[in-house]
Amino acid sequence: MADFTTLLERTRDAITNLEDQCIACGTCTTRCDLLESRTWNIHAICEESSDAIGGAHDAQSARLGIDAHPSLYQFFRSCESCNRCTVHCPQQLNMSDLWQPWRALLRGAKYIPDSDVGMIKTDCTWNTFSVYRHVWNIDYSDLSLLEVPSIDETEGATVQEAPARKAHAETLFFPGCTLCTYAPELTRAAYAWLNEHVGPTLLSTQCCAWPLECAGEVDRAQTWRERVIAAAKDQGVRRIVGVCPGCDRQLEIAAAAVAPGMEFVPLAQLLLDAGVRMGDESLADCTLPLSVVTSCNDRASIHGPAVRALFEHANAKPFPCADEDAWCCGAGGAVNAYDPNLARSRTCRSFRLCEQAGAHTLVTVCPTCAYTYAFERWMQAQEGNARWDGMGSLNYLEVAFDMRIDWPRVFANLTNMWQGEQGAWVAEQLSQSEPGSET
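With full-length UniProt numbering applied, the sequence shown corresponds to residues 1 to 439, in that order.
Simulated from the structure, these hints should not be mistaken for lab results.
Where is the CB? At the ideal position from N, CA and C, for every residue including glycine.
One or more hints might be untrue.
Said to hold, decoys possible - Here are the in silico distance ranges between beta carbons for each label pair:
#, residue 1, residue 2, range
1, 30, 261, 35 to 43 Å
2, 196, 260, 25 to 33 Å
3, 153, 261, 38 to 46 Å
4, 2, 64, 17 to 25 Å
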């Protein structure tokens with residue numbers, strides 16, 4: 001992480017830049033619950049931010065200023081960085097341009113603890129996803145893989161051995177951490193389909209490091225993405241096929257710096273181009289109508305239209321807020337680490353919108369959305385809450401490949417991996433926020 005003075009300078013620069021451009025029209029205010037409840041717009045946030053840290057010169061003085069503005073702190077911990085507020089900004093401002101340096105500043109000032117980072121240090125060998133795969137014997141070593149040394153492997157390397165020949169292919173399948181960790185059978189099915197219909201394909205088991213960025217480790221996240229893209233380029237990749245719109249968005253930014261010619265294609269579009277369509281017969285275990293809920297990372301409508309077209313023969317209702325108007329599913333910004341009830345209320349908002357549309361099954365574009373909706377339904381079952389018993393949810397790939405993710409088993413596994421002898425090992429691996437650090 002950059003030194004704190006640099007973090008302060010970056011945040012102040014962002015504040016000045018957005019404040020100078022904002023015309024205080026209020027368009028953003030009407031598109032975000034957090035802004036509306038505070039009657040804030042971008043300009044007001046910048047003014048509040050300047051009041052909080054304008055006189056700060058180190059972490060201690062910054063903390064004093066932030067503590068004096070609790071509503072500002074709550075805002076930046078509660079914001080998902082989904083950019084719904086600014087998508088129609090006449091000045092083309094972007095909330096993420098303010099959220100990003102603020103999250104890094106909060107991390108630097110220790111508002112975001114090391115324990116939050118230890119769980120999701122996705123640039124290291126061991127993190128929540130790799131630990132889960134190790135404990136539950138999820139292994140892809142028999143496939144042609146993208147090879148990206150983690151930062152602890154790089155730092156710990158002392159002996160240079162002759163490198164084994166890496167697999168090469170022009171296509172890389174980047175399923176994202178949720179799919180490749182919690183749905184290995186589905187990941188393999190999609191990978192096999194790509195090899196058959198597109199040609200030789202590499203598989204990435206890496207994370208795009210969005211969780212790391214949400215914890216304020218912005219520089220680490222950006223460095224990791226560039227490392228992933230550089231590795232892909234080194235293994236001959238010219239096209240990345242994605243499932244998660246968030247992964248695509250983050251990796252595209254990295255590719256602009258490392259591999260400007262890299263192409264990004266949604267798997268949904270390739271399925272559509274191959275003639276795949278899914279009707280009611282593919283949804284016999286679901287209560288119809290369905291409604292396709294798009295991702296807040298897909299405001300450019302790259303993935304969503306293709307997924308909707310895949311279900312053009314199914315009994316479906318349009319989701320009330322789609323594409324550029326999509327709400328976050330509740331997983332964005334790691335808000336659940338700060339205010340779990342707020343994150344859950346955002347998840348339930350999607351259920352209500354689906355219900356209002358007259359649909360009974362949410363079909364997600366994004367695998368992380370599928371995880372989030374399934375987790376909320378599982379949590380409510382644990383709590384004995386039957387409110388959303390009649391609401392189903394699944395990812396479109398589960399229908400395309402006729403293969404359902406066993407979410408209750410996944411959530412049980414996530415709980416059980418902390419138990420017994422393996423639990424001590426899991427705790428040890430996830431207790432450090434970076435290589436060589438101790439909490």
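Against the structure, the hints come out as follows:
1. 30 <-> 261: 35 to 43 Å: holds, 40 Å
2. 196 <-> 260: 25 to 33 Å: holds, 30 Å
3. 153 <-> 261: 38 to 46 Å: violated, 28 Å
4. 2 <-> 64: 17 to 25 Å: Holds - the Cβ-Cβ distance for residue 2 and residue 64, about 21 Å, lies within 17 to 25 Å.
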